[in-house]
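Let the hints inform the model, and build the full structure from the sequences given.
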Amino acid sequence: MDLDQKLSILADAAKYDASCASSGATKRDSLGGTGVGSTGGAGICHSYAPDGRCISLLKILLTNRCLYDCHYCINRRSSNVRRAAFTAEEAVRLTLDFYKRNYIEGLFLSSGIIRSADHTMEQVVNVARTLREVHDFRGYIHLKTIPEASPELIEQAARYADRISINLELPTQQGLDRLAPEKNLGRTKQAMGRIRVKLDDAADRKRGGDRKLRHATGQSTQVIVGADPSTDADFLARSDELYRAYRLRRVYYSAFSPIPEPSSILPPAAPPLMREHRLYQADWLMRYYGFSTSEILTPENPNLDLHLDPKLAWALRNRHEFPLDLQTASRDQMLRIPGLGVKNVDRLLGIRRLTLLRLADLARLRISLPKVRPFIIVADHHPAREGLDTDRLLARLAPKPVQLDLFGHALR
Amino acid sequence: MHCVDPGESFTTWRAAARGLVARDVPPAEVIWEAPVTSLFESAPVLAPPVGRGGAPAVPPAFVELAQTVACHADTRRWALLYRLLWRIVKGGERRLMEIASDADVAMARMLAKNVRREIHKMHAFVRFRKIGEAEDGRERFVAWFEPDHYIVEAGAPFFRKRFANMDWSIFTPKGCAHWIAEEFQLTPGVMRNPCDDPDVMEGIWRTYYRSIFNPARLKLKAMQSEMPKRYWKNLPEADLIEELSRQSSGRSQAMIETPLREVKRAPVNAYLDHLRERSAPVEVPEDPADVADLSLTDVNRMVHACRHCPLWEHATGAVTGDGPDNARIMIVGEQPGDREDLEGRPFTGPAGKLLDQALAEAGLDRSGIYVTNAVKHFKWTPRGKLRLHQKPAAGEIEACKPWLLAELSRVAPEIVILLGGTAAGSLLGSGVKVTRHRGVVAAPHVASRVILTVHPSYLLRVDELRKESEYRQFVADLKLAAGGS
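Chains as they are written, first to last, in my numbering: chain A, 1148 to 1559; chain B, 3 to 487.
No false leads were slipped in.
With a straight-line cut-off of 20 Å between C-alpha atoms, the simulated SDA-like cross-links for lysine to any residue are:
| # | chain 1 | residue 1 | chain 2 | residue 2 |
| --- | --- | --- | --- | --- |
| 1 | A | 1490 | B | 102 |
| 2 | B | 231 | A | 1201 |
| 3 | B | 92 | B | 21 |
| 4 | A | 1345 | B | 347 |
| 5 | B | 223 | A | 1427 |
| 6 | B | 387 | A | 1439 |
| 7 | A | 1490 | B | 115 |
| 8 | B | 115 | A | 1494 |
| 9 | B | 393 | B | 435 |
| 10 | B | 221 | A | 1428 |
| 11 | B | 481 | B | 362 |
| 12 | B | 235 | A | 1199 |
| 13 | B | 231 | A | 1192 |
| 14 | B | 163 | A | 1282 |
| 15 | A | 1174 | A | 1354 |
| 16 | A | 1518 | A | 1542 |
| 17 | B | 132 | B | 235 |
| 18 | B | 176 | B | 189 |
| 19 | B | 115 | B | 155 |
| 20 | B | 92 | B | 30 |
| 21 | B | 266 | A | 1322 |
| 22 | B | 387 | A | 1437 |
| 23 | A | 1345 | B | 345 |
| 24 | A | 1345 | A | 1357 |
| 25 | B | 355 | B | 368 |
| 26 | B | 231 | B | 175 |
| 27 | B | 266 | A | 1261 |
| 28 | B | 403 | B | 294 |
| 29 | B | 115 | A | 1188 |
| 30 | B | 355 | B | 474 |
| 31 | B | 266 | A | 1224 |
| 32 | A | 1490 | B | 98 |
| 33 | A | 1174 | B | 159 |
| 34 | A | 1518 | A | 1456 |
| 35 | A | 1490 | B | 108 |
| 36 | A | 1490 | B | 112 |
| 37 | A | 1359 | A | 1276 |
| 38 | A | 1518 | A | 1452 |
| 39 | B | 115 | A | 1191 |
| 40 | A | 1490 | A | 1459 |
Keep in mind the hints are simulated off the structure, nothing from the lab. Keep in mind that this is a model prediction, so the values were computed, not measured.
Shown next, in the form of structure tokens:
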């Protein structure tokens, strides 16, 4: 099989992994070295696929042969897809050839599990080691690891990679038992715990002046949404725990996607992509806006509203907190106003020390006035409290109703 | 009226602007373009020599913004920048740059944003083609890019750092950048791509682009907002977009219509057997008496599977005892903390470090001691971004007690050191208080010698004044275990 054919199989096999970011690596470049590569703070998307997702890294599997039988996965052992495997040398060449043409920021390498967790990890680590040590490659490397791999191998992976990750896939053990019988939530958490300890130690050594140390700066994970009955509350509670306990950089939410070769115990249709989007918004609110999961979702409503973004939904449930005077409100309060992002809140805090805020100021900061107006007070705008209390507000802010289709499959 | 043509250069504009400010020429009296006719009487202003001291002092934020805005192709940018400069220097608006919502500042920031975005797109969308190798083996690459703004100079350092060990040229209509034999050079723009032979890797790159696209998620608008059509003609993969989009609904329909595949039986494989063994459910007896005959290994396996209280749910895993199973001394703490939870071993965090130090000072070797906790899971509550330690409740201590008793009976230590109230409560009952009964306590059902002292995390919390004396007292308590050996 030629390289082109292998690539078409092994990139196809990797495309269901949502993570693609190349941000957050330690800054470095190829000046003074023999190879190519640099990483800055922010990642670069070198292209976009027609599915709207960014292409930043060469995202491939080393092989799509796999012992595991995870039902949501195209590469599971009972799937009938064509199988292929790159040699380490092929994966290295592709990375370098693409990188030198400025097609990519680096490599995202994962693999089906062959023979054993350790054997697989050794192969994956070997590619990263060759790139770093033989070719002095200084671009971005993200390695996918397996919780059951030995801690020494995961430590080696962290030494060559900028980011390492272990996919959790489903938020509960019951879900895993049904759809991914080889996976185990407890073992995944233990592996994430060990990785966090190593990352913390490396960060301490860096702070202590160890400039030579090269070590991954973060870990992330992915969960699949809509393949099992887990609610949004299940996902967010798990994410919150993962962020706190293991300092994950990101939890990626990947809407379950129909795959060729579907398994008989999967749901018949994909969940709405909007659900994935809402989970990202809610996740963002937890990490950057000071919301707790219990404010975003309640036991009575364990799923996010597909029609309203979670911040607006929260504000409508908590109208008594508004309107807020932008001239005097605290940063934490302002972060809870629908339509205001972190950047604009910080800008407004700077501006209001020097001048009185008016609606025109907000417009020039490109803040959406229809969205924020009901929730704020500025020098030339004092909304009537009663206005906030009516249901008309919801009618005004919610998107226009969509006509149901003939068969009554309303948007969930 | 003054006519000034700064061309496309920030440096020329700055020199002219300094001259105009020095001569008190207000913004309304400057036209920032070359005089076309002789209608205007004054000649173009050339910057009068302005010494360093003579240049008006402006905030660094303005200089930074102006340098970026200067790269924009909008001809109104020079007038805008001069107006801002005038307002700052002559209008007394020293802090103008901080008012992002001011009309002029907002405009300048928007132009700067366009420029930064275009620099970013240059970093993203420049596609090098390999055209050969130099005699010394350095590979040689060229690229063609068509930016809207004058960004080549600002965008080039990125490529220099990234591709320091290749030779490359980026040609654009608005300037060209070259890095050849470790020499950097900027040259004027060229009107057409000087090298339009495709590179062999372009075919493979297109294969990648085709394969990484998920037809079940077509989102063309999202794609176009990040990769506008004007860039497409120089991206080797872009002409696949139409074909991929057209085929996507058919491809996803075909997937949905594929007959479902039955779950296959697992193959015979040693590694899978090993995984299954590790995941096999462990029966945990409800009655503590039922663990009496089990080995320490079996007990620990059950501790990991224990669901007698809800603490397991948000902990990483159980933290069982650590040390020789025939140790003469056993230390019992409260519960694992953040670090212990992550590492799966007791006393590895800050309190553990302090304990190690105190043990050493008391003449005790930790490696010979069995160290464990009264409660086996980390109990925490969210606080900010952290997991904050929470005291275990009586019910949780009670739920864990059988495990601690099992450890105690297997290790059968001569001496037991209880650290803090939780450990004391678990083994001696709630009537025993550390403050009152500190030191040797009589508890023959636990061990022949039982020592009660504070938990080392107390020493971390106690105020500075008492820290030293409390620590001394702690070491003295530990020494009660050292004697007689």
